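Chains A and B supply the protein sequences, listed in that same order. Residue 257 in our numbering sits at position 257 of the first sequence, and the numbers go up by one each step. Residue 325 in our numbering sits at position 325 of the second sequence, and the numbers go up by one each step.
Don't read these hints as lab results, they were simulated from the structure. Please note that a few of the clues may not be correct.
[To be verified] Pairs of lysine-lysine residues, derived as DSS-like cross-links and limited to a Cα-Cα distance of at most 27 Å, are as follows:
| hint | chain 1 | residue 1 | chain 2 | residue 2 |
| --- | --- | --- | --- | --- |
| 1 | A | 494 | B | 80 |
| 2 | A | 494 | B | 181 |
| 3 | B | 148 | A | 543 |
| 4 | A | 150 | A | 105 |
[Unchecked claim] Just a few of them, taken from the derived set where beta-carbon distance is under 8 Å, the chain B residues facing chain A:
| hint | residue |
| --- | --- |
| 5 | 34 |
| 6 | 133 |
| 7 | 134 |
| 8 | 155 |
Since this is a predicted model, take the numbers as computed values, not measurements. Just so you know, even glycine gets a beta-carbon here, dropped at the ideal spot from N, CA and C.
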Amino acid sequence: MRVSYKWLQEFVDIDISPQELADRLTLAGITVEGVIELGKGIEKVVTGRIESLATHPNADKLMVSSVNVGTENLQIITAATNVREGDVIPVAIEGARLASGLVIKKAKLRGVESRGMMCSGQELGIDPKTMASEQAHGIMILPPGTALGKDAKEILGLDDFILELDLTPNRGDCLSIIGVAREAAALLGRSLKQVQPRFSELPERIDGLFRVDISDVDLCRRFSGRLIKNVHVGRSPLWMQQRLRSAGIRPINNIVDVTNYVMLELGQPMHAFDYNLLKDGHIIVRRSRKGEKIVSLDGSERSLTPDMLVIADPSGPVGIAGVMGGLATEVTEKSVSILLESAFFNPISIRRTSKSLGLRSEASLRFEKGIDIGGCARAADRAAQLIADMGAGDVVSGIVDNVPLPIQERTVTFRPTRATYVLGVEISGDEALRILKSLNFSVQDSGENMLVTVPTYRVDVNLEVDLIEEIARMYGYNRVPDTLPFGQSTRGLKTRQQSFIEKIRCVLAEAGLYEVVTYSFISPRVFDNLNLPAKSTLRNTIKVTNPLSEEQSVMRTILLPGLIEVLSRNYSRQVRDGAIFEIGRIFYPQAEGHIPDERPVLSGAVMGSSSASWNRKPFEMDFYYLKGVLEKLFRNLGTGEIEFRSDTAHTSFHPGRTASLEAGGERLGILGELHPDVAENFGLPEKVTAFEIDLNILMAASGRPVSYINLPRFPGVERDMAIIVQQGIPSSEIFNVIRLAGGELLRSIQLFDIYRGAQVPEGFQSMAFSMKFQAEDRTLTDAEVSERTEAISRDLAHKFNVELRVK
Amino acid sequence: MERKLKMLGDEACRSMAAAGSLDELNEIRVRYLGKKGELTQVLRGMGNLSAGERPRIGQAANEVRAVIEEELTARTSALKKLVKEQRLRGESIDVTLPGTPFPRGGKHPLNLVFEEIQEIFLSLGYSIADGPEVETDYYNFEALNLPKDHPARDMQDTFFVGSETLLRTHTSPVQVRTMEKTAPKLPVKIIVPGKVYRRDDDATHSPMFHQVEGLAVDRRITFSDLKGTLDLFLREMFGPETRTRFRPSYFPFTEPSAEIDISCATCGGSGCRVCSHTGWLEILGTGMVHPRVLEISGYNSEEVTGFAFGMGVERVTMLKYGIDDMRLLFENDLRFLQQF
Numbered sequence: 001m002r003v004s005y006k007w008l009q010e011f012v013d014i015d016i017s018p019q020e021l022a023d024r025l026t027l028a029g030i031t032v033e034g035v036i037e038l039g040k041g042i043e044k045v046v047t048g049r050i051e052s053l054a055t056h057p058n059a060d061k062l063m064v065s066s067v068n069v070g071t072e073n074l075q076i077i078t079a080a081t082n083v084r085e086g087d088v089i090p091v092a093i094e095g096a097r098l099a100s101g102l103v104i105k106k107a108k109l110r111g112v113e114s115r116g117m118m119c120s121g122q123e124l125g126i127d128p129k130t131m132a133s134e135q136a137h138g139i140m141i142l143p144p145g146t147a148l149g150k151d152a153k154e155i156l157g158l159d160d161f162i163l164e165l166d167l168t169p170n171r172g173d174c175l176s177i178i179g180v181a182r183e184a185a186a187l188l189g190r191s192l193k194q195v196q197p198r199f200s201e202l203p204e205r206i207d208g209l210f211r212v213d214i215s216d217v218d219l220c221r222r223f224s225g226r227l228i229k230n231v232h233v234g235r236s237p238l239w240m241q242q243r244l245r246s247a248g249i250r251p252i253n254n255i256v257d258v259t260n261y262v263m264l265e266l267g268q269p270m271h272a273f274d275y276n277l278l279k280d281g282h283i284i285v286r287r288s289r290k291g292e293k294i295v296s297l298d299g300s301e302r303s304l305t306p307d308m309l310v311i312a313d314p315s316g317p318v319g320i321a322g323v324m325g326g327l328a329t330e331v332t333e334k335s336v337s338i339l340l341e342s343a344f345f346n347p348i349s350i351r352r353t354s355k356s357l358g359l360r361s362e363a364s365l366r367f368e369k370g371i372d373i374g375g376c377a378r379a380a381d382r383a384a385q386l387i388a389d390m391g392a393g394d395v396v397s398g399i400v401d402n403v404p405l406p407i408q409e410r411t412v413t414f415r416p417t418r419a420t421y422v423l424g425v426e427i428s429g430d431e432a433l434r435i436l437k438s439l440n441f442s443v444q445d446s447g448e449n450m451l452v453t454v455p456t457y458r459v460d461v462n463l464e465v466d467l468i469e470e471i472a473r474m475y476g477y478n479r480v481p482d483t484l485p486f487g488q489s490t491r492g493l494k495t496r497q498q499s500f501i502e503k504i505r506c507v508l509a510e511a512g513l514y515e516v517v518t519y520s521f522i523s524p525r526v527f528d529n530l531n532l533p534a535k536s537t538l539r540n541t542i543k544v545t546n547p548l549s550e551e552q553s554v555m556r557t558i559l560l561p562g563l564i565e566v567l568s569r570n571y572s573r574q575v576r577d578g579a580i581f582e583i584g585r586i587f588y589p590q591a592e593g594h595i596p597d598e599r600p601v602l603s604g605a606v607m608g609s610s611s612a613s614w615n616r617k618p619f620e621m622d623f624y625y626l627k628g629v630l631e632k633l634f635r636n637l638g639t640g641e642i643e644f645r646s647d648t649a650h651t652s653f654h655p656g657r658t659a660s661l662e663a664g665g666e667r668l669g670i671l672g673e674l675h676p677d678v679a680e681n682f683g684l685p686e687k688v689t690a691f692e693i694d695l696n697i698l699m700a701a702s703g704r705p706v707s708y709i710n711l712p713r714f715p716g717v718e719r720d721m722a723i724i725v726q727q728g729i730p731s732s733e734i735f736n737v738i739r740l741a742g743g744e745l746l747r748s749i750q751l752f753d754i755y756r757g758a759q760v761p762e763g764f765q766s767m768a769f770s771m772k773f774q775a776e777d778r779t780l781t782d783a784e785v786s787e788r789t790e791a792i793s794r795d796l797a798h799k800f801n802v803e804l805r806v807k
Numbered sequence: 001m002e003r004k005l006k007m008l009g010d011e012a013c014r015s016m017a018a019a020g021s022l023d024e025l026n027e028i029r030v031r032y033l034g035k036k037g038e039l040t041q042v043l044r045g046m047g048n049l050s051a052g053e054r055p056r057i058g059q060a061a062n063e064v065r066a067v068i069e070e071e072l073t074a075r076t077s078a079l080k081k082l083v084k085e086q087r088l089r090g091e092s093i094d095v096t097l098p099g100t101p102f103p104r105g106g107k108h109p110l111n112l113v114f115e116e117i118q119e120i121f122l123s124l125g126y127s128i129a130d131g132p133e134v135e136t137d138y139y140n141f142e143a144l145n146l147p148k149d150h151p152a153r154d155m156q157d158t159f160f161v162g163s164e165t166l167l168r169t170h171t172s173p174v175q176v177r178t179m180e181k182t183a184p185k186l187p188v189k190i191i192v193p194g195k196v197y198r199r200d201d202d203a204t205h206s207p208m209f210h211q212v213e214g215l216a217v218d219r220r221i222t223f224s225d226l227k228g229t230l231d232l233f234l235r236e237m238f239g240p241e242t243r244t245r246f247r248p249s250y251f252p253f254t255e256p257s258a259e260i261d262i263s264c265a266t267c268g269g270s271g272c273r274v275c276s277h278t279g280w281l282e283i284l285g286t287g288m289v290h291p292r293v294l295e296i297s298g299y300n301s302e303e304v305t306g307f308a309f310g311m312g313v314e315r316v317t318m319l320k321y322g323i324d325d326m327r328l329l330f331e332n333d334l335r336f337l338q339q340f
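Construct the complete structure from the given sequences, taking the supplied hints into account.
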């Protein structure tokens, strides 16, 4: 809503600057986003009349004009094509300054002197969208009778300020000048200047000429109509055009302009029908019938449904109530009688209708927020007055005002003590009374329980707490003291899951991974890019009904593609080394009507190498790197044993370089090198390794209590052993055999070398282990240790047919 | 004889003093004290002495030996020290070379800010609560006093996933879920960090973003407590010099409602590009929990009051680190992430 400062002043005396007013309103909840000075910087632009217009002696496209600016005639060269002799126009005279900052000087154009410039609306800072199309880009032509030599800023109402409001949806009443004026009056302690519209009426009565029947009283609670005869449709006066422009509305003709003007001034949307095109002068307000159609004012044919309210005459719909009028009964230059409609429609119905038709108008915007049901007739009178005042028609005597159900006054009980209780600052009865009255609430009993009657335009006030807010905002939020709640003190706690996730975040960041945050919605195409089979359960997604794009149209069932895309984006930006992780939720559909199963998961991905240094070679961030990170994580989380099993089946990963992770027999997740095809699909080089882990399962497996084991008191014995074994035997199996055969004397095993090459047969590898034997109660003898190592050798030989070298 | 011994001692000490290395010292030791050393020779020649002379000369010889040995020890340790010093001097390194790199890594700035906000409220006795990101219409709207066809639903352009399910547009549903679980017990003091979704995408809006919701419900919680708590929080978060401004606003689930501005740290309140020349930055929305929401959640709104607030974590993060485009937070460019 754009509010003219001058227009406001017609309703309330304001003695503070527009900016100060804006600040006061903002701190009272009527947010003013900005204050615009119209005609800012414009100087020395006056009204002038073109007395003569002749072709330029030296140029085809220029004209030489003589312009009467009141005191003298100025010779002005112009290239304008839309001006005629006799037109009154804004003229920038010598030394003038325009909205753009351009300064006008005396000049010679093709040898002829020019002492000024005719101005377009744009040059005066007027938005072309608010000007009639023929004037939008040409010279602005003023009404013929306009006084000459006057300051054009004043004549055009550009000596004004506009307050740009950013209203909250509850304050539909402030979508009007009067509404903002009421707020300003309350804030400034002034009274509102409001006069009853007065105008003369024709002797003829409206009663026999027009009637309205409201069939659906739930959707239309009031319909006020005024009839105007002898209408002269033409341009509205300049001041009215300018008022509309200041609010961002394009003037159309005097009748339409009046309806818009009243809407802006009083907040009541109005509609004008060509009365002679209405059958029988009879309006029926009813729900649409099945199959009914109407061509709306914008020329499109609209199919109506039975839940939409229409304004109809006996032959059919003539308007979509509260949304848009019909083209057939539009007011045109030929109209001689018009019917003015000023009605109250059900906000929800209007909202639904305008939504389903995709038609949002200034009218529907106001109706759906709830307009002043008490103001319909007054608005109709105001429109009639304006039409009469500008001589655009004669008002038929009387008003049709159909109110099918009585308008009930809303009363709310208000206790100043409750206001004190809620606000935490003493609000006296007198203070409350003063504030409520300043906002036009009437208060009956000013004791402990006040009976407050809410003005009809304040549809947002229904409960005591609403009145408490009114008190608070007028009292001033910033005057309320700052305190802290007292009462039972509480301890701030994190849930186990939150602490768990925070720990993971810390460990992984410490381990060198960067945390990323990606969108929860992904493209359904990523499943193809991941080479997932058609029947993969991951493809069973929750779909967003109204996504912004295909790219963000399904809820993720896996975090991984988001991370791969992050690596890919970085790679394309020449960031070739990266280690990242994300903790987020994945979403699995549940039965219809239920919200999905949301599971927290952890995913990570690495590419490239660690950073090189003068004293360390960079190492590749590969499968074993990421496995090491996970092992560190598991150790820090105190998980039970996590098993890594070779997984050759997952189509997104390298069949030979992938492990599925299990914790206590439950599938925890997957770790592996991306399948080269998948890497390629995402625009990445080969050798990207990634993992994804279910955090619920990990959490269940974590947090084993730490229990201290005695430090050894007797020396241990170390033995190294190298075996030559067929490639492809998982080291975990070899470890298991060693552990089993080593028994409890075997304290630790470390694999310290793997070698393939010379002296090792093709298809085999040499693995070197270091084993430590130790007993709790004695120093081991050589014989005891040898017995164990021999057992280990025997079992290994038996199981894997290995060749041994014991040191 | 005695004179010879003394000369021998003096000579040995002089040559030890002149010795420049442990090897030389060793030679000197051998020369005087070795099996064929000069002093040893002297002692061997004692047999030729008279019984009367022998003890005297013997004593003198032992004294000389003691002097030489003492000097030898002293010189040896002095030379050893010297040698070590020399070695260490040769081992010096360039201490200005970069250290061995450890892998770097870090948390996402949004989570850094989340954690900071959480810590402040944890210390004020608020617990952390959580709720689903895909919500029902009931919890996201209706239970928050936003019935179907309420115009305020337009304030939050919604992604739907079903007729009654949607991506939550705010973390506020967790208010109702938590109160339902807790009522009629008191107090409720929670904050809710989480992802939320709205159909908006430009330099200042992201279709997915993060909020922190807060809720305090108890007997006698007042608007003045709301002000005090949030003023305290904002000064903790943005520095003690931060000023706050409360403006009336509207949220269907609070009444009275407020919007809080903080003084612009960039210009100190005098007006700049960051604050659109107003000196103030909108930072969070808040209000007293609407009585209907309390009733829906199982509390008697006449006896129990509360306040709630919600803030956009992206906005706080951007202000805190001077980030000017929200999209950077979701692009995850490593060169961006490495800065935090």
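The hints, checked one at a time:
1. A:494 to B:80: violated, 62 Å
2. A:494 to B:181: At roughly 17 Å apart (the allowed maximum being 27 Å), residue 181 of chain B and residue 494 of chain A satisfy the hint.
3. B:148 to A:543: The given pair, whose Cα atoms are some 22 Å apart, holds under the 27 Å limit.
4. A:150 to A:105: Judged against 27 Å, a Cα distance of about 20 Å means the pair holds.
5. 34: violated, 43 Å
6. 133: Hint on residue 133 of chain B: holds, closest Cβ of chain A at ~6 Å, below 8 Å.
7. 134: holds, 5 Å
8. 155: Nearest chain A Cβ about 6 Å off; hint holds.
Consistency with the previously given hints fails for numbers 1, 5, ordered from lowest to highest.
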